[in-house]
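Chemist: Which chain is which? The protein sequence lines are A and B, in order.
Just so you know, we're using my numbering here: the first sequence kicks off at 1 and counts up by one.
Just so you know, we're using my numbering here: the second sequence kicks off at 336 and counts up by one.
Errors might be hidden in some of the hints.
[Stated by the list, open to error] Now the stretches of chain A that chain B is said to cover, found in silico as 3 or more residues with beta-carbon under 8 angstroms:
id, region
1, 114 to 121
2, 124 to 137
3, 146 to 157
4, 251 to 259
5, 292 to 298
What the hints contain is simulated information worked out from the structure, not anything from laboratory work.
In this text, a Cβ means the ideal position worked out from N, Cα and C, and glycines have one as well.
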Amino acid sequence: MIMMTSRQWLATAAGVVILLSLPLFLPNFWLVNIFGRAMVYGVVALSLTFLAHYGGFVSLAQTMVAGVAGYAVAMMAPTAIPLGPLAMPYFAAIPLALLAATVAGAIVGMIAVNTREIYLLMITLALAVGLSLFAQSNITWFRGYEGIRNIIGPEVMGLPFRTPLVFYYVALGVAVSMFLLVLYVVRTPFGLVLQAIRDSDRRAAAIGYYVGLHRIASFALAGFIAGWGGVLITFYNIGITPSSIGLWATVAVLIMAVIGGLGHPLGAFIGALIYTVMDTFASSIIGHDRFNTLIGLVFLAIVLLSPDGVWGLGKRLSTALGKRPQVNADRETSL
Amino acid sequence: MGFAGRAEEENVSLQFILTVTLNGLTLASLYFIVASGFSLIFGLMRTVNMAHGSLYMVGAYVGFAVYDPLYASDVWASHAWLIGIAAGILAAALVGLFMQVALLGWMQGQELRQALVTIGLSIIIADQLLALFGGNPFRFFTPELLFGPTELPVIGRYPIFRLFQVVLAVAVGIGLWLLLNKTKLGIVVRAGVDDRQMLAACGVNVPLVAATVFALGAGLAGLGGVIGATAQPMALGVDARFLLMSLVVVIVGGMGSIGGTALGALLIGLAEQWGQVLFPTYSVILTFVIMATVLAVWPQGLLGRKPT
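Okay, chain A solo, but in the shape it has when bound:
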């Protein structure tokens, strides 16, 4: 059961209805390159927020895990250039890619199971950069620098995946499902134990819970969520290259999650939207070449001034003004 008051359900429903009706008002560019993109990257950021907020792990391996799914679907895609030896229809390739991401998430969890905080941050970052370097140097499977191209995705109801409306609604469907999945899981016994472990792993262990297994399972679940993002990102980019899972891609997802706020799953999407809007329109402000300086400064400002991100900022503002949280008009909802 997802525990929400009727008012919160109403807000969620309103948010979904607004998002569903966006195609009526917005041009395709906004649908695909702003909202669609923000939602698919937001799903990866969501997996990080889930781990960070409910498990206490700030893992930098989520982009890498998404990349595992992306590379897996690219290697198995029937349209891939160059075509791999494993080519199969998309309806088989996508579930296998999600499985690969789940397994990759579990492996990251196993490697990092005994570490916390900055140690975890370092180890997961090392794993992330490591896979990207491996993909760069391996030709047989990962096709080196070039990567794998022409991953156009399956046809949905006879329409190509890249049709703006199809992409937008699939991205929306996945984003909302994953968002609700997180809200659901954290209320299950598993999710509650996970939060207990976050607060005090010794006490949770003393009560009799197997701490390590819960941690690994949470990484596997985060891997599954990130895998959805990875598959859709690969379709969005029509392919995958090592740089799309490298250090800067990893940092970009971290930036999204932190800017939005690690304190709530919705923060991931807010952050992804802010990042995407800035990435798209920075060129008209300071020239696209210096986007990294701009986003770096914004990130720095958020970390220095409001560590719980825009979500936390909104919450504090609304408390100060004596109002309910009102963070983002078109995605208004709260737990």
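Fit chain B to the supplied structure of chain A, relying on the hints for placement.
Modeler: Frame of chain A, contents of chain B only:
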């Protein structure tokens, strides 16, 4: 004839083994110089400096900006490299000093937040370096004294500069050991590692010590930058590589331990060179197998201390 042929073959394979091992050793030396700075900063302040790779780049770029015009001039050409090194160290140390004093110092203890701040800084630094110096690869010319190959037994001709890297790494290691074990600053730093609050209560200006150590660690990254850019051409993207290597080396060796950093650098340097020889496109995997194995058996790293 047959015997002679076989002896020669064995000679060749021995030569090959020694050459690859020596290559690993020289690479390990560079990793040690860079990672020891990372480890030093972490040891005292528990700050994971995610901008360490960026400081490496600052050292290389600023060092080159000073070196290049000097090298072109007649008078200074012979000293250009040394001045370049000094400039690289100084620039990285100043950036590090700024980071610690302006941003990291006042959030002491919030380790994750500090790591995030350094990530933000690394993005800005990398982008500003690109804006200021452009993205063209460059390389320092090896100074005349260290230029060219020399004859080594069995191995044969080997670049002098690579051997110099090993000597320099040993010198840095000994220097750090002396600094930490034989000087007043070293005593203060080691006390700070154990208990910062008590140290402050004893009347030591801890923020000043922290700033000094941060500048020193950053300076080592800058030194590594100039050395690295003399050994191999410098290009954008090396910040990621050297951040990664610093992380892996200190994770394997143990955080905050100079000996552990040396051991970790040795393992990773040798693994990288041997990995490239034995299974070329999978060599990165070997590094991570080592890291995962060490973490599974010694979560604190090979020579790291257990947290108290």
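Chemist: State for each hint whether it applies.
Modeler: Hints versus structure:
1. Only residues whose C-beta sits within less than 8 angstroms of a C-beta in chain B count toward coverage, and the region 114 to 121 of chain A has 6 of them, enough to reach three; the restraint holds.
2. Given a C-beta distance limit of less than 8 angstroms, the hint that chain B covers the region 124 to 137 of chain A holds, as 8 residues qualify and 3 suffice.
3. Note: the region 146 to 157 of chain A has 0 residues with beta-carbon separation from chain B under 8 angstroms; the three-residue rule is not met and the coverage is violated.
4. Given as covered by chain B, the region 251 to 259 of chain A passes the check, having 3 residues with a CB less than 8 angstroms from a CB of that chain where 3 are the minimum.
5. Note: the region 292 to 298 of chain A has 5 residues with beta-carbon separation from chain B under 8 angstroms; the three-residue rule is met and the coverage holds.
Hint check: a violation occurs at hint 3 only; the rest are consistent with the structure.
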